[in-house]
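Given chain A, work out where chain B should sit, using these hints.
2 protein chains.
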Amino acid sequence: MDLKSYLKERCQLVDDALNRFLPLADDLPASLHKSMRYSIFAGGKRIRPILMLAACEAVGGNISQAMPAACAMEMIHTYSLIHDDLPAMDDDDFRRGNPTNHKVFGEAVAILAGDALLTEAFILLSNLAAAPTVPPAALVQVIQEISCCAGSRGMVGGQVVDMESEGNAEIDLATVQYIHTHKTGALIKASVKSGALLGGASSKDAESLTRYGEAIGLAFQIADDILDIEGTTEEIGKDAGSDEARGKATYPAVMGLAEAKIRAAELVDIALDALSAFDGKADPLREIASYIVKRKS
Amino acid sequence: MDLKSYLKERCQLVDDALNRFLPLADDLPASLHKSMRYSIFAGGKRIRPILMLAACEAVGGNISQAMPAACAMEMIHTYSLIHDDLPAMDDDDFRRGNPTNHKVFGEAVAILAGDALLTEAFILLSNLAAAPTVPPAALVQVIQEISCCAGSRGMVGGQVVDMESEGNAEIDLATVQYIHTHKTGALIKASVKSGALLGGASSKDAESLTRYGEAIGLAFQIADDILDIEGTTEEIGKDAGSDEARGKATYPAVMGLAEAKIRAAELVDIALDALSAFDGKADPLREIASYIVKRKS
Numbered sequence: 001m002d003l004k005s006y007l008k009e010r011c012q013l014v015d016d017a018l019n020r021f022l023p024l025a026d027d028l029p030a031s032l033h034k035s036m037r038y039s040i041f042a043g044g045k046r047i048r049p050i051l052m053l054a055a056c057e058a059v060g061g062n063i064s065q066a067m068p069a070a071c072a073m074e075m076i077h078t079y080s081l082i083h084d085d086l087p088a089m090d091d092d093d094f095r096r097g098n099p100t101n102h103k104v105f106g107e108a109v110a111i112l113a114g115d116a117l118l119t120e121a122f123i124l125l126s127n128l129a130a131a132p133t134v135p136p137a138a139l140v141q142v143i144q145e146i147s148c149c150a151g152s153r154g155m156v157g158g159q160v161v162d163m164e165s166e167g168n169a170e171i172d173l174a175t176v177q178y179i180h181t182h183k184t185g186a187l188i189k190a191s192v193k194s195g196a197l198l199g200g201a202s203s204k205d206a207e208s209l210t211r212y213g214e215a216i217g218l219a220f221q222i223a224d225d226i227l228d229i230e231g232t233t234e235e236i237g238k239d240a241g242s243d244e245a246r247g248k249a250t251y252p253a254v255m256g257l258a259e260a261k262i263r264a265a266e267l268v269d270i271a272l273d274a275l276s277a278f279d280g281k282a283d284p285l286r287e288i289a290s291y292i293v294k295r296k297s
Numbered sequence: 001m002d003l004k005s006y007l008k009e010r011c012q013l014v015d016d017a018l019n020r021f022l023p024l025a026d027d028l029p030a031s032l033h034k035s036m037r038y039s040i041f042a043g044g045k046r047i048r049p050i051l052m053l054a055a056c057e058a059v060g061g062n063i064s065q066a067m068p069a070a071c072a073m074e075m076i077h078t079y080s081l082i083h084d085d086l087p088a089m090d091d092d093d094f095r096r097g098n099p100t101n102h103k104v105f106g107e108a109v110a111i112l113a114g115d116a117l118l119t120e121a122f123i124l125l126s127n128l129a130a131a132p133t134v135p136p137a138a139l140v141q142v143i144q145e146i147s148c149c150a151g152s153r154g155m156v157g158g159q160v161v162d163m164e165s166e167g168n169a170e171i172d173l174a175t176v177q178y179i180h181t182h183k184t185g186a187l188i189k190a191s192v193k194s195g196a197l198l199g200g201a202s203s204k205d206a207e208s209l210t211r212y213g214e215a216i217g218l219a220f221q222i223a224d225d226i227l228d229i230e231g232t233t234e235e236i237g238k239d240a241g242s243d244e245a246r247g248k249a250t251y252p253a254v255m256g257l258a259e260a261k262i263r264a265a266e267l268v269d270i271a272l273d274a275l276s277a278f279d280g281k282a283d284p285l286r287e288i289a290s291y292i293v294k295r296k297s
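Residue numbers (the UniProt record's numbering), protein chains in the order written: chain A, 1 to 297; chain B, 1 to 297.
Any given hint could be a false lead.
Treat identical chains as interchangeable: a pair holds within one or across any two.
Below, a list of computed lysine to aspartate or glutamate pairs in the DMTMM-like style, where the Cα atoms sit at most 25 Å apart [claimed, not checked]: (1) Lys8 / Glu235; (2) Lys296 / Asp26; (3) Lys34 / Glu166; (4) Lys34 / Asp172; (5) Lys34 / Glu164.
Derived by calculation from the structure, the hints in this document are not laboratory data.
For reference, chain A alone in the conformation it holds in the complex:
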């Protein structure tokens, strides 16, 4: 399969759905809805929604069953970026080459746009009940999975430990692993698992896909750490080497670049192994696993 065209086509499908699901830019209050849309349409790669759709298809489901939840996941991811960029947090002026949300709309609206995107995700998820193909019990399980992975013992917890570790020269591997599996890995795992649940996976298949999701979630963040060192500013859309400059807790920082690359490759193997019982419908998941550690942006 041609992964590049696949990702491009799926990205477009997700963008179209996000455009349909989000409140219009003119809906009151317009400043809030413009701000929400600004960050949603700021050039995201839609990795999480694409993974959710692919997991749904891998178990024989149709992507329409997972699309609202896939968009909900992108909303949660986007809210986390808006809040991470705030002056009180990472204080970033640019993301993917564009001014960050608070630089355009001000801090107050940026905070509220993040809050609203997080909330909108649960509106979308609960609206799924109207889809006759999604049983309410599966839907509630998906809401539980996504909220747990996004909360204080998931993504938000990872962000707190990441922040508190910044500039600390004594960070150990266990802490970096905590940060990566929580801050980035949790939502990626939740995307894959939710796609499986919405596609009607057997519990065995859902378990295998969860293992796949955990492995690529961690691999994705290690690859990000490596890109921060080896990528150019143009490729990664932010200053190369910024993690080291900030004293960020990363895999290369605690185990060296070569060892980090080996670890990322091992995780891809674990991910592929988790898919061994799946047929060709899981090929996109296989390709994405390899792509995650080879990408240049």
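Frame of chain A, contents of chain B only:
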């Protein structure tokens, strides 16, 4: 009935449940969980959860069916207060006589504690699926009601318009009504309606209780506006007259104090009227409606 003892007893029940449902203060990351608990246990009156429990009982339900959702509602209310108090928003150093969350834990953790409380609310709601008395379909309807009322076309939207209207001398009644029904009214209405749904209300009863909730939600905020003028700093836990000093959009500001009092009383009548077909099990809701406009804090 003795409303004072009733509210005190219910407040204690809600506090106990919040203590059970929230992650422990020592759970990692401890700073985040301490911050979440700090604001949850900062002396709230628990009006929203108490209303949810009372609505559940008014339709013949047991409060255990609604307690997790009642706590979820208090978490959403508390997250909104933490974010409203931030320097980029209202910039408040004190709330109910205590230092605000960001004064104690710093802005970054305060933002994340708010995010985590909002997310935790949906964890709690989805956990309700384990309760055999709550059918998944009703649960999804409650999640939809609560998320819609908390989102960009509900509470967050109201906060944006409130902020944007501050200092604007030309505010009209329609704008004040938008702010009040969205910023405060939406969650109060959602509390009452969700309690009804979780208690197994007929659609006719759920509709009546929704009308009750809408009326007291607006009455509650008008009463707050009036208290800001007539209450003492000690009673209301913040500087009296602060709304006027900030140029806040309030009912007394657009229609005068006397007219605002009449409007609040009319809304209580509408609320009581909505309960006319209910028996004695709705007495707490009746008493609370009257209390809302008579309270001194």
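Against the structure, the hints:
1. Taking CA atoms no more than 25 Å apart as the test, Lys8 paired with Glu235 passes inside one copy only; the shortest distance there is 17 Å, against 60 Å between copies.
2. In this assembly of identical chains, the alpha carbons of Lys296 and Asp26 never lie at most 25 Å apart, being 36 Å within a copy and 40 Å across copies at closest.
3. In this homomeric assembly, Lys34 and Glu166 come within 25 Å of each other (Cα to Cα) only across copies, at 20 Å, whereas the closest approach inside a single copy is 32 Å.
4. Taking the closest pair of Cα atoms, Lys34 and Asp172 come within 25 Å of each other only across two copies (24 Å); inside a single copy the shortest separation is 41 Å, beyond that limit.
5. When the C-alpha separation of Lys34 and Glu164 is checked against a cutoff of 25 Å, the pair qualifies only between copies, where the shortest distance is 15 Å, while the shortest distance within a copy is 32 Å.
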